[in-house]
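S.K.: Quick mapping for you: the protein sequence lines, in order, are chains W and C.
FYI, my numbering numbers position 72 of the first sequence as 72, with every residue one higher than the one before it.
FYI, my numbering numbers position 485 of the second sequence as 485, with every residue one higher than the one before it.
FYI, nobody ran anything at the bench for these hints, they're computed from the structure.
Short derived list, chain W residues pointing at chain C, Cβ under 7 Å:
(1) R10
(2) V13
(3) S17
(4) F25
(5) M43
(6) T103
Here are the simulated EDC-like pairs of lysine to aspartate or glutamate, each with C-alpha atoms no more than 16 Å apart in a straight line:
(7) W:K143 / W:E130
(8) W:K102 / C:E12
(9) W:K102 / W:D159
(10) W:K143 / W:E128
(11) W:K44 / W:D5
(12) W:K102 / C:D2
(13) W:K102 / C:E8
(14) W:K143 / C:D2
(15) W:K102 / C:D4
(16) W:K44 / W:D6
(17) W:K102 / C:E15
(18) W:K143 / W:D125
Since the structure is predicted, the reported quantities are computational estimates derived from the model, not experimental observations.
Glycine is no exception: its CB is placed at the ideal position from the N, C-alpha and C atoms.
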Amino acid sequence: MSRSDDEDFRSFVVASSPALLRMAFLLTGDRGHAEDLLQTALMKSSRRWTDIKDRQAAYAYVRRVMINTQTSWLRRRHVVENVVDAVPEIAGPDEHHASEGKTLPALAQLPPGMRAVLVLRFYEDLSEAETARLLGCSIGTVKSQASRGLARLRLYFADQRACVSGHGEGL
Amino acid sequence: MDADYLREALREDAELVGAPEPGLYERVIAARRRAAQRRLAALAAGLAALLVGISVPVSLAVLQSADGRQVAAPLAQPASDIYGGPTRGSLSDDSAFVEGVRTLPWTGTLIDRVPADQRAELPDSPLTTRWVVFAGEVTGGRWALVVGQNNGQPANRDAGVDSEVSSEIAGVWFAGPTGASPSQMHPVTLPQGIATQGPATLYDSVTGALVVVSAPGDSIELSARPQVASDASITRRYVEADVSDGVAVVAMDPSPYRSPGPFAVQYRVRRDGLILAQAGPQAYSDPEPTPAPELLLEYQRPPSGNLAVEPVGPSLEHLMTEQILAEYGVGPEEVHFLVHYSGEVPGGSRSQASVAVVSATFPSGAVLVRANWQESLVSASEPSLSQYADGGCSNELSPVGEPVAQRILAIRCDVGREVVQEDLPDPVSTLIVLAPSNLGAVSAATQLESGPFSVFLIGEGVAIAPFPAGARILTVADRQGTVLDEVRISSG
Numbered sequence: 001m002s003r004s005d006d007e008d009f010r011s012f013v014v015a016s017s018p019a020l021l022r023m024a025f026l027l028t029g030d031r032g033h034a035e036d037l038l039q040t041a042l043m044k045s046s047r048r049w050t051d052i053k054d055r056q057a058a059y060a061y062v063r064r065v066m067i068n069t070q071t072s073w074l075r076r077r078h079v080v081e082n083v084v085d086a087v088p089e090i091a092g093p094d095e096h097h098a099s100e101g102k103t104l105p106a107l108a109q110l111p112p113g114m115r116a117v118l119v120l121r122f123y124e125d126l127s128e129a130e131t132a133r134l135l136g137c138s139i140g141t142v143k144s145q146a147s148r149g150l151a152r153l154r155l156y157f158a159d160q161r162a163c164v165s166g167h168g169e170g171l
Numbered sequence: 001m002d003a004d005y006l007r008e009a010l011r012e013d014a015e016l017v018g019a020p021e022p023g024l025y026e027r028v029i030a031a032r033r034r035a036a037q038r039r040l041a042a043l044a045a046g047l048a049a050l051l052v053g054i055s056v057p058v059s060l061a062v063l064q065s066a067d068g069r070q071v072a073a074p075l076a077q078p079a080s081d082i083y084g085g086p087t088r089g090s091l092s093d094d095s096a097f098v099e100g101v102r103t104l105p106w107t108g109t110l111i112d113r114v115p116a117d118q119r120a121e122l123p124d125s126p127l128t129t130r131w132v133v134f135a136g137e138v139t140g141g142r143w144a145l146v147v148g149q150n151n152g153q154p155a156n157r158d159a160g161v162d163s164e165v166s167s168e169i170a171g172v173w174f175a176g177p178t179g180a181s182p183s184q185m186h187p188v189t190l191p192q193g194i195a196t197q198g199p200a201t202l203y204d205s206v207t208g209a210l211v212v213v214s215a216p217g218d219s220i221e222l223s224a225r226p227q228v229a230s231d232a233s234i235t236r237r238y239v240e241a242d243v244s245d246g247v248a249v250v251a252m253d254p255s256p257y258r259s260p261g262p263f264a265v266q267y268r269v270r271r272d273g274l275i276l277a278q279a280g281p282q283a284y285s286d287p288e289p290t291p292a293p294e295l296l297l298e299y300q301r302p303p304s305g306n307l308a309v310e311p312v313g314p315s316l317e318h319l320m321t322e323q324i325l326a327e328y329g330v331g332p333e334e335v336h337f338l339v340h341y342s343g344e345v346p347g348g349s350r351s352q353a354s355v356a357v358v359s360a361t362f363p364s365g366a367v368l369v370r371a372n373w374q375e376s377l378v379s380a381s382e383p384s385l386s387q388y389a390d391g392g393c394s395n396e397l398s399p400v401g402e403p404v405a406q407r408i409l410a411i412r413c414d415v416g417r418e419v420v421q422e423d424l425p426d427p428v429s430t431l432i433v434l435a436p437s438n439l440g441a442v443s444a445a446t447q448l449e450s451g452p453f454s455v456f457l458i459g460e461g462v463a464i465a466p467f468p469a470g471a472r473i474l475t476v477a478d479r480q481g482t483v484l485d486e487v488r489i490s491s492g
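Start from the sequences and build out the full structure, keeping to the hints where you can.
M.R.: Now the structure itself:
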């Protein structure tokens with residue numbers, strides 16, 4: 001990159017990384033993984049920075065790289081390491097996995113693709129067509145994934161309410 | 001719960017992550033540089049020196065304390081006291097040893113193997129600015145970390161965009177045998193800019209010796225290896241290390257297989273309960289490494305003209321299997337390796353490139369399939385200096401399932417990707433399809449925007465072709481047209 005590109009990229013990172021990190025956090029549910037995802041996506045994007053003619057679209061470009069990277073990591077699986085106090089027989093939860101927040105525990109129950117659809121549709125406010133393009137799937141898939149995702153979240157929250165209510169009755 | 005509630009809740013939850021850690025831009029640039037350098041490593045008798053680290057500018061000077069020990073005196077806002085203060089380690093009280101290693105030359109066998117044009121960029125701190133951060137006994141010998149003013153002259157230093165090289169201090173790790181005198185100590189890392197915000201580390205996977213130098217008061221946790229479960233998930237457990245003055249000297253399990261990293265071992269440094277750093281340690285580069293016992297590999301089909309690093313050097317698949325052992329911290333008796341393919345990649349201007357596809361089946365039954373490429377490079381300044389570039393094509397871990405020898409594999413390999421060298425041609429994308437030979441002649445096809453695409457696998461069940469742009473899934477069919485499988489093309 002030329003010096004002006006470097007400065008341009010630096011400015012972009014400073015200005016856009018908070019928003020990108022928030023999205024990465026919703027995609028991963030874990031601050032450490034979100035930081036890794038963002039850093040990797042920015043690193044990949046920096047290699048193509050001089051080719052990104054429309055700087056207005058840079059955010060969308062990095063967002064796309066982030067989605068692709070997250071998909072790739074989940075596919076490879078080995079990149080996603082869970083940190084546990086004791087190694088279980090099968091995967092255990094990451095000790096830094098987000099357990100707080102209204103939606104994060106529920107999102108963690110969803111398949112990665114469904115989670116990405118919900119984040120893109122309802123956090124990034126992308127249209128169904130934009131979401132489909134970004135995820136490389138059909139609009140119909142986005143519709144069905146969003147619908148099922150919402151249904152599963154509703155079910156999750158209903159179960160949580162029932163659980164809390166049950167505990168309350170026992171006290 | 002409706003969509004509006006979800007929107008609001010997502011926004012609230014997203015705020016929980018807070019702001020990015022400071023220095024993100026510097027970490028991105030450093031990571032990019034590391035990725036490039038990892039694939040362009042000078043190779044001579046196993047030399048693999050990776051430059052790692054992130055840094056922020058800090059001005060330091062060296063003073064002599066009353067008792068003659070050196071004290072690094074920060075002149076302006078030190079980022080941390082990891083590199084300041086008196087020498088630490090079990091040999092810190094041996095003032096003759098400390099002074100001896102402080103004055104050792106930063107040149108030697110290791111640096112001689114770096115091409116001359118790159119060598120000129122490496123720092124060689126003036127003697128008067130040097131001090132010893134760590135000197136101590138470790139498993140199998142003595143180690144010392146010497147730092148000083150960073151006077152390296154990389155081409156991009158003036159741009160100030162790469163904090164690795166724009167750091168104001170640089171350092172070298174020295175190593176020697178047990179009881180070594182200073183004259184028996186030699187550099188085992190290349191001189192490089194130091195990440196003053198983060199810890200200094202050195203790890204010799206062959207002896208298991210590991211040193212993590214952080215600031216006094218920091219806690220250090222170690223994870224020996226990741227655990228691969230049958231569902232292909234990975235867990236990692238960290239255990240707090242014994243720390244003295246911010247330094248952990250640890251004996252991990254040794255392995256005869258040397259690797260430039262990444263390693264199974266990971267460290268984590270906490271300060272005030274917060275994670276300051278979490279990464280793999282820096283590799284110890286033995287100038288005269290002991291050859292590892294050669295792994296007896298099982299080949300699914302005969303290798304075809306694989307390009308060895310050197311005429312008598314290890315093959316690409318051997319390098320890959322050794323790397324997998326180092327990366328997952330397992331012994332060859334714990335993993336079943338199968339070489340699915342090893343051969344040259346035809347086409348393009350990179351005629352010397354080769355590719356190997358190796359699978360590793362872990363005790364849990366999970367299977368790692370990794371494809372790497374490798375090509376020879378000739379240094380314009382020193383044609384006699386052997387160099388190679390390598391990189392990954394794909395790397396996928398899958399749950400226990402169909403034996404990997406029975407699987408049909410489709411891989412995209414971009415030879416030359418991430419190699420930063422202006423006089424090299426663009427990466428060449430190749431499609432590799434591998435099928436068990438007992439399937440007989442099969443075809444792998446897909447429909448692209450440009451029209452239908454198909455390749456035929458005959459003989460050993462291999463097809464190699466220029467990568468068809470846009471291809472993602474291949475339909476594999478037998479001679480009668482019966483569909484056998486649909487295979488997703490894996491890539492990096």
